[in-house]
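Protein chains in written order, with this note's numbering: chain A, 1 to 315; chain B, 1 to 556; chain C, 1 to 271.
Hints are supplied without guarantee of correctness; some may be wrong.
[Stated by the list, open to error] Away from chain C, derived, C-beta distances all over 12 Å, residues of chain A:
1) TYR4
2) GLY40
3) ASN42
4) SER60
5) GLY78
6) VAL91
7) TYR104
8) ILE110
9) THR182
10) ARG223
11) GLY253
12) TRP306
[Stated by the list, open to error] Which chain B residues stay away from chain A? Per the calculated CB distances, all over 12 Å, these:
13) ASP297
14) ASN363
15) ASP376
16) THR548
[As the list claims (entries may be wrong)] To be clear about the criterion: a stretch of chain B counts as covered by chain A if any three or more of its residues have a C-beta under 8 Å from a C-beta of chain A, and this derived list gives those stretches:
17) 100-108
18) 124-133
19) 172-185
Worth flagging that the hints you see were computed from the coordinates, not collected in a lab.
All C-beta atoms, glycine included, are put in the ideal place defined by N, C-alpha and C.
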Amino acid sequence: MLRYLYRRLGSLAATLLVASLVVFVVIEVVPGDPASYMLGLNAQPDTVAALRSELGLDQSKPARYVQWVTGMLRGDFGQSYTYRTPVADMVSDRLWISLPLALYALVLSIVIAFPAGIWAASRRGGAADTTVMGFTQLGIAIPNFWFAMLLVLFFAIKLRWFSAGGFAGWDEGFFVALKSLTLPAIALALPQAAILTRVMRSSLLDVLGEDFMRTARAKGLSRRQALLRHALRNAMIPVLTIIGLQFSFLIAGAIIIENVFFLPGLGRLIFQSIAQRDLIVVESVVMLLVFAVVVVTFIVDLAYAWVDPRLRRRS
Amino acid sequence: MAYAIGSTRDCVVSDNHSALLRLDRVSLDIHGVPILSDISLSVAAGQTLGIIGESGSGKSMTALSIMQLLPRGSQSSGSIVFDGQELSELSEEQLCDIRGSDIGMIFQEPMTALNPVKTIGDQVSESIRLHRNVSSAEVKQLTEQILERVGLPNSEYPLSRYPHELSGGQRQRVVIAIAVACKPKLLIADEPTTALDVTTQAGILDLLKTLQRDEGLALMLITHDLAVVSMMADDVVVMKSGQVVEQGSLYSVFGNPSNDYTKLLFDASALTQVARRGNKNDSATATNKAPLLEVRDLVCEYRVPRPGLLSRPTAFRAVDTVSFDIQHGESVGLVGESGCGKSTLTRALLGLMKLHSGSISLNGESVSAAQTVSRDARRQMQVVFQDPFGSFNPRHKVRRLISEPLYLLDTQATAQETNYRVSETLESVGMAASDADKFIHEFSGGQRQRIAIARALIIKPALIILDEAVSALDVSVRAQVLELLHDLANREGLAYLFISHDLSVVQRVSDRVLVMQKGKIVERGDTQTVFSNPQHPYTQQLISAAPTLRIPQSER
Amino acid sequence: MRLKSIVPGALLITIVLVAALLSYVWTPFDVATLDIRNKLQTPNQVNWLGTDHLGRDILSMLMVGARTSIAVALVAVGIGMGVGVPLGLIAAAKQSGWADELIMRGNDLVFAFPALLIAIMITAVFGAGAVNAIIAIGIFNIPVFARLTRGAALSLWTREFVLAARVAGKSGFRISVEHLLPNITNLLIVQGTIQFSLGILAEAGLSYVGLGAQPPIPSWGRMLADSQTLITLAPHLALFPGLAIVCTVLGLNLLGDGLRDWLDPRLRRER
Numbered sequence: 001m002l003r004y005l006y007r008r009l010g011s012l013a014a015t016l017l018v019a020s021l022v023v024f025v026v027i028e029v030v031p032g033d034p035a036s037y038m039l040g041l042n043a044q045p046d047t048v049a050a051l052r053s054e055l056g057l058d059q060s061k062p063a064r065y066v067q068w069v070t071g072m073l074r075g076d077f078g079q080s081y082t083y084r085t086p087v088a089d090m091v092s093d094r095l096w097i098s099l100p101l102a103l104y105a106l107v108l109s110i111v112i113a114f115p116a117g118i119w120a121a122s123r124r125g126g127a128a129d130t131t132v133m134g135f136t137q138l139g140i141a142i143p144n145f146w147f148a149m150l151l152v153l154f155f156a157i158k159l160r161w162f163s164a165g166g167f168a169g170w171d172e173g174f175f176v177a178l179k180s181l182t183l184p185a186i187a188l189a190l191p192q193a194a195i196l197t198r199v200m201r202s203s204l205l206d207v208l209g210e211d212f213m214r215t216a217r218a219k220g221l222s223r224r225q226a227l228l229r230h231a232l233r234n235a236m237i238p239v240l241t242i243i244g245l246q247f248s249f250l251i252a253g254a255i256i257i258e259n260v261f262f263l264p265g266l267g268r269l270i271f272q273s274i275a276q277r278d279l280i281v282v283e284s285v286v287m288l289l290v291f292a293v294v295v296v297t298f299i300v301d302l303a304y305a306w307v308d309p310r311l312r313r314r315s
Numbered sequence: 001m002a003y004a005i006g007s008t009r010d011c012v013v014s015d016n017h018s019a020l021l022r023l024d025r026v027s028l029d030i031h032g033v034p035i036l037s038d039i040s041l042s043v044a045a046g047q048t049l050g051i052i053g054e055s056g057s058g059k060s061m062t063a064l065s066i067m068q069l070l071p072r073g074s075q076s077s078g079s080i081v082f083d084g085q086e087l088s089e090l091s092e093e094q095l096c097d098i099r100g101s102d103i104g105m106i107f108q109e110p111m112t113a114l115n116p117v118k119t120i121g122d123q124v125s126e127s128i129r130l131h132r133n134v135s136s137a138e139v140k141q142l143t144e145q146i147l148e149r150v151g152l153p154n155s156e157y158p159l160s161r162y163p164h165e166l167s168g169g170q171r172q173r174v175v176i177a178i179a180v181a182c183k184p185k186l187l188i189a190d191e192p193t194t195a196l197d198v199t200t201q202a203g204i205l206d207l208l209k210t211l212q213r214d215e216g217l218a219l220m221l222i223t224h225d226l227a228v229v230s231m232m233a234d235d236v237v238v239m240k241s242g243q244v245v246e247q248g249s250l251y252s253v254f255g256n257p258s259n260d261y262t263k264l265l266f267d268a269s270a271l272t273q274v275a276r277r278g279n280k281n282d283s284a285t286a287t288n289k290a291p292l293l294e295v296r297d298l299v300c301e302y303r304v305p306r307p308g309l310l311s312r313p314t315a316f317r318a319v320d321t322v323s324f325d326i327q328h329g330e331s332v333g334l335v336g337e338s339g340c341g342k343s344t345l346t347r348a349l350l351g352l353m354k355l356h357s358g359s360i361s362l363n364g365e366s367v368s369a370a371q372t373v374s375r376d377a378r379r380q381m382q383v384v385f386q387d388p389f390g391s392f393n394p395r396h397k398v399r400r401l402i403s404e405p406l407y408l409l410d411t412q413a414t415a416q417e418t419n420y421r422v423s424e425t426l427e428s429v430g431m432a433a434s435d436a437d438k439f440i441h442e443f444s445g446g447q448r449q450r451i452a453i454a455r456a457l458i459i460k461p462a463l464i465i466l467d468e469a470v471s472a473l474d475v476s477v478r479a480q481v482l483e484l485l486h487d488l489a490n491r492e493g494l495a496y497l498f499i500s501h502d503l504s505v506v507q508r509v510s511d512r513v514l515v516m517q518k519g520k521i522v523e524r525g526d527t528q529t530v531f532s533n534p535q536h537p538y539t540q541q542l543i544s545a546a547p548t549l550r551i552p553q554s555e556r
Numbered sequence: 001m002r003l004k005s006i007v008p009g010a011l012l013i014t015i016v017l018v019a020a021l022l023s024y025v026w027t028p029f030d031v032a033t034l035d036i037r038n039k040l041q042t043p044n045q046v047n048w049l050g051t052d053h054l055g056r057d058i059l060s061m062l063m064v065g066a067r068t069s070i071a072v073a074l075v076a077v078g079i080g081m082g083v084g085v086p087l088g089l090i091a092a093a094k095q096s097g098w099a100d101e102l103i104m105r106g107n108d109l110v111f112a113f114p115a116l117l118i119a120i121m122i123t124a125v126f127g128a129g130a131v132n133a134i135i136a137i138g139i140f141n142i143p144v145f146a147r148l149t150r151g152a153a154l155s156l157w158t159r160e161f162v163l164a165a166r167v168a169g170k171s172g173f174r175i176s177v178e179h180l181l182p183n184i185t186n187l188l189i190v191q192g193t194i195q196f197s198l199g200i201l202a203e204a205g206l207s208y209v210g211l212g213a214q215p216p217i218p219s220w221g222r223m224l225a226d227s228q229t230l231i232t233l234a235p236h237l238a239l240f241p242g243l244a245i246v247c248t249v250l251g252l253n254l255l256g257d258g259l260r261d262w263l264d265p266r267l268r269r270e271r
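Put together the whole structure using the sequences plus the hints.
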């Protein structure tokens with residue numbers, strides 16, 4: 001068990017390291033000098049040079065890479081080129097919108113998909129199965145941002161149940177804040193729920209055909225008992241994989257959805273920064289998101305070991 | 001006709017004992033395809049009924065009909081009376097009460113019959129908890145008792161073990177524990193030992209016998225193996241294509257089979273008991289002293305993932321200093337149980353894996369010195385694999401499949417030459433030349449194995465390695481394929497290396513035998529000598545564990 | 001039974017393809033001409049699907065937009081297959097070598113970078129454009145195909161017919177081409193349709209946030225982005241491009257499902 005964990009931890013750390021290198025190298029390719037860009041065309045050479053050394057741009061590239069990575073480890077993401085404020089401050093507020101949004105959507109998608117998938121699998125070939133599968137086909141085909149626009153049109157503009165956009169802020173109370181994230185989360189969750197439902201169903205159907213299910217039935221378990229006690233946990237293995245992957249889609253999706261709902265999250269920040277060529281912010285936000293995805297992958301790996309004892313093999 | 005026999009024999013069976021289970025004219029269709037027709041049989045309390053049949057005979061479906069666990073789309077008729085109850089009239093709930101409590105069932109594949117994510121304790125105790133109203137402390141105690149009973153003492157195999165931590169035989173014991181945990185009146189065992197090695201099989205059969213005697217349960221033993229039935233059963237049913245073709249007491253069926261198909265089965269199986277053939281290799285060895293194949297101190301290793309970050313990488317030695325010769329025209333058998341290294345040895349001989357050390361030479365020329373085996377060596381040595389379904393590319397026609405080894409010719413064969421060779425070879429294995437234009441899925445298992453032999457023959461090799469080449473075939477088909485191999489050897493002067501876990505097959509076809517255990521050859525010698533007077537304890541164990549077909553001489 | 005899904009799937013895709021191809025020679029109106037006086041028309045007899053805020057005909061824009069979507073998704077699938085399949089075959093043939101390591105690590109890496117993040121980075125560096133979308137989605141497709149190919153090829157390598165080919169002296173390359181590739185074509189076709197449909201969705205998302213095709217090239221995602229501020233005034237602007245995306249993706253998914261069932265010999269035998 002421990003060995004399995006160490007191995008996964010090691011591979012995740014390696015992923016993060018390579019990812020940081022990729023991000024750094026790609027951003028370094030950018031032509032032009034942030035310092036002269038920030039100061040405008042008429043800046044004096046010595047002012048530019050001063051700014052360059054202030055930003056640490058005069059050091060060698062490897063040194064700057066090391067500085068950037070070690071800085072991030074300490075929570076220091078550098079200074080925004082545009083606003084001259086610490087990137088960490090700009091990011092931290094927004095993180096508390098994007099991350100909860102993605103998690104909220106993940107929870108919603110699981111809450112919808114598990115019962116739907118189990119229901120469809122247990123009534124395979126029946127009307128319920130056909131209906132659920134039809135909906136999932138549709139769900140997968142709908143782009144989440146378009147679905148978000150339809151939600152706004154219907155629930156915010158027509159019915160006025162929700163506000164059409166903006167974020168109340170966590171200070172307003174948990175439920176108020178949650179409410180302003182609800183429509184975006186639904187928009188994000190629905191296509192993912194459709195995928196997850198299909199995976200859940202087909203994985204369950206695979207397991208239902210296994211020999212040990214026959215053993216379970218021969219033991220005297222009813223179809224339903226056998227499904228719940230023996231099939232479900234085995235079926236979770238591919239489902240977990242998909243949940244892990246989905247988080248990365250949800251993070252990306254959240255960035256897009258924030259635009260529909262005018263949520264001041266990381267997505268807005270990143271597009272703003274691209275427009276202003278504030279590359280250090282782009283760099284840091286991308287790294288942060290990659291970090292979030294990697295951590296979730298690790299949690300999924302832990303869940304694997306919990307579900308499948310074969311992975312827990314003594315250390 | 002089948003039914004006529006069934007009904008008259010039926011009387012014989014039921015006269016002697018009161019029936020615990022009685023099937024009367026049971027028929028079954030799955031999605032409109034007839035699977036069983038008019039099956040009538042009965043099992044007496046405390047007795048063993050052996051059901052014999054080859055693949056597709058409907059023997060497993062008969063068992064599932066009794067359990068009322070048929071696949072979707074099944075349509076059945078007829079009556080199944082168990083312990084005075086008509087099973088087809090019971091509600092699903094009542095059936096659940098009977099399954100696992102009054103009727104237990106064991107399956108063929110122990111590797112997949114257990115839920116991989118639950119402990120063996122959980123899986124055994126579940127059936128007790130389901131059918132017995134007892135406290136959890138008692139459940140635990142009962143579970144430990146029953147596992148102990150099937151030969152898995154708690155000290156060595158605690159309840160917290162997972163299936164993947166057990167061997168195939170041990171898993172089958174857990175499956176048996178689940179089936180007998182609630183002391184059923186009837187135990188249905190569907191090919192319970194087919195997937196197991198002989199020595200393991202003997203243990204499981206012993207266990208079933210003991211359980212039956214001690215608990216007084218009726219046993220319905222479904223198998224393709226006549227020898228197993230002859231050791232275990234009181235009464236016998238022979239099935240073919242969904243029908244009962246013969247039934248009666250073991251004595252009457254085995255002593256004096258009346259049905260043609262039963263006779264055929266006996267001939268095919270009984271032949272295996274006759275030690276085979278003359279000494280046709282004498283002339284070959286006399287004229288050509290140099291061995292065809294010479295294996296010297298062969299060692300093959302697999303790298304095992306290192307157990308810890310700092311520990312040294314270890315290697316698993318699958319083949320451990322093996323040496324042997326094969327003479328021209330000689331047939332050598334290599335026997336061993338799963339995991340003994342025989343598959344690795346095959347691969348090494350065929351040049352499909354790196355040797356760790358040692359040498360292989362063919363006709364006095366080393367084939368292992370270079371990294372890649374020369375074309376010349378490859379031309380001399382061909383192979384027939386076990387699985388008649390997996391050994392062909394499903395997308396190619398037979399012509400292309402069997403002409404593949406012609407790639408080894410130094411000058412590529414012309415289309416005309418290829419066609420000629422294909423036709424000739426197909427005919428030599430008893431197929432038609434016109435079969436060359438068919439796809440492989442159009443053939444049965446036995447035919448495919450003939451085509452596989454044709455593929456090996458087309459290049460006219462001196463040695464054919466037969467890697468469990470008949471293990472997947474039904475006995476009647478197996479006999480035909482062995483016959484073919486025998487003829488070919490005589491006609492073409494071929495040498496065989498016959499690799500198998502099945503002693504009876506090896507005994508029948510080989511002049512000499514090598515017995516392999518844990519990567520080493522532990523015994524070697526003339527086939528008859530080894531089988532009649534085994535020296536090594538492992539060989540002795542193997543031979544005594546192999547079930548032998550005993551034809552009862554008189555009614556017990 | 002599920003074969004039925006091939007027909008509607010193929011039908012939807014054909015419509016989209018025909019519309020896209022037709023747009024090269026004919027569209028109801030020219031998408032480059034602006035007609036501000038005729039702006040924000042609801043669907044009518046002249047402009048079947050109405051006009052946008054600049055008076056351009058929606059139907060014509062959808063037809064031209066289909067071109068962008070299909071081109072981006074198709075090239076991205078091509079990149080994924082072109083790089084991924086050989087990588088997967090090599091990894092399986094060599095069994096644990098550099099290719100194997102590359103696929104597994106590359107896989108971890110790419111899954112840590114959703115396509116959107118890749119696109120964001122590329123755009124940050126090179127500016128926005130359809131090519132960025134292609135590269136971003138294409139990169140994401142590579143490990144998908146590499147993994148799929150590797151897995152399928154690995155299991156085929158242990159099959160006896162491949163061993164037989166090795167005994168016949170054939171090289172790893174020859175076996176890969178002669179025996180493996182034909183046996184994984186079906187898988188690749190099915191995965192190809194799936195990635196194609198994912199590509200359409202991703203392209204729409206990228207152009208919606210301005211990282212894809214740039215104006216004046218019409219694209220479905222861009223059209224949705226433009227419609228957003230006018231959603232109360234002219235909801236039909238948001239409706240039609242969305243429906244176009246849904247129909248295309250739905251068609252591809254149905255086609256993929258149907259193809260999978262049709263190409264799977266196991267299912268075919270049951271039929």
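Going through the hints against the structure:
1. Residue-level check passed: A/TYR4 sits 16 Å from the nearest beta carbon of chain C, beyond 12 Å.
2. Chain C leaves A/GLY40 outside its interface by the beta-carbon criterion, the shortest separation being 20 Å against a cut-off of 12 Å.
3. With a least CB separation of 24 Å from chain C, A/ASN42 remains clear of the 12 Å interface cut-off, as annotated.
4. For A/SER60, the requirement that its beta carbon stay farther than 12 Å from each beta carbon of chain C is met, with the minimum near 21 Å.
5. Listed as outside the interface, A/GLY78 is consistent with that label: its C-beta sits roughly 15 Å from the nearest C-beta of chain C, beyond the 12 Å cut-off.
6. The claim that A/VAL91 lies off the interface holds: its Cβ sits roughly 15 Å from the closest Cβ of chain C, which is beyond the 12 Å cut-off.
7. The non-interface label for A/TYR104 is consistent with chain C: the shortest C-beta to C-beta separation is roughly 18 Å, beyond 12 Å.
8. For A/ILE110, the shortest C-beta to C-beta distance to chain C comes to about 19 Å, beyond the 12 Å cut-off, and the non-interface label holds.
9. Interface exclusion of A/THR182 from chain C stands, the closest Cβ pair being 19 Å apart, more than 12 Å.
10. Annotated as non-interface, A/ARG223 keeps its C-beta farther than 12 Å from every C-beta of chain C; the closest such distance is 22 Å.
11. A Cβ of chain C approaches the Cβ of A/GLY253 within 12 Å, the least distance being about 8 Å, so the stated non-interface status is violated.
12. Every beta carbon of chain C lies more than 12 Å from that of A/TRP306, the smallest distance being close to 21 Å; the non-interface claim holds.
13. Remark: the non-interface label on B/ASP297 is consistent with the geometry, its nearest Cβ contact in chain A lying 35 Å away (cut-off 12 Å).
14. The Cβ of B/ASN363 lies farther than 12 Å from every Cβ of chain A, with a closest approach of about 47 Å, so its non-interface assignment holds.
15. Here B/ASP376 stays apart from chain A, with its beta-carbon at least about 46 Å from theirs, past the 12 Å limit.
16. Every Cβ of chain A is farther than 12 Å from the Cβ of B/THR548; the closest lies at roughly 30 Å, confirming the non-interface assignment.
17. Residues of the region 100-108 of chain B with a Cβ under 8 Å from some Cβ of chain A number 5, which satisfies the need for three, so the listed coverage holds.
18. Under the rule that three or more residues need a Cβ within less than 8 Å of chain A, the assignment of the region 124-133 of chain B holds, with 4 such residues.
19. Under the rule that three or more residues need a Cβ within less than 8 Å of chain A, the assignment of the region 172-185 of chain B holds, with 3 such residues.
Comparing the model with each earlier hint shows a violation of hint 11 alone; every other hint is respected.
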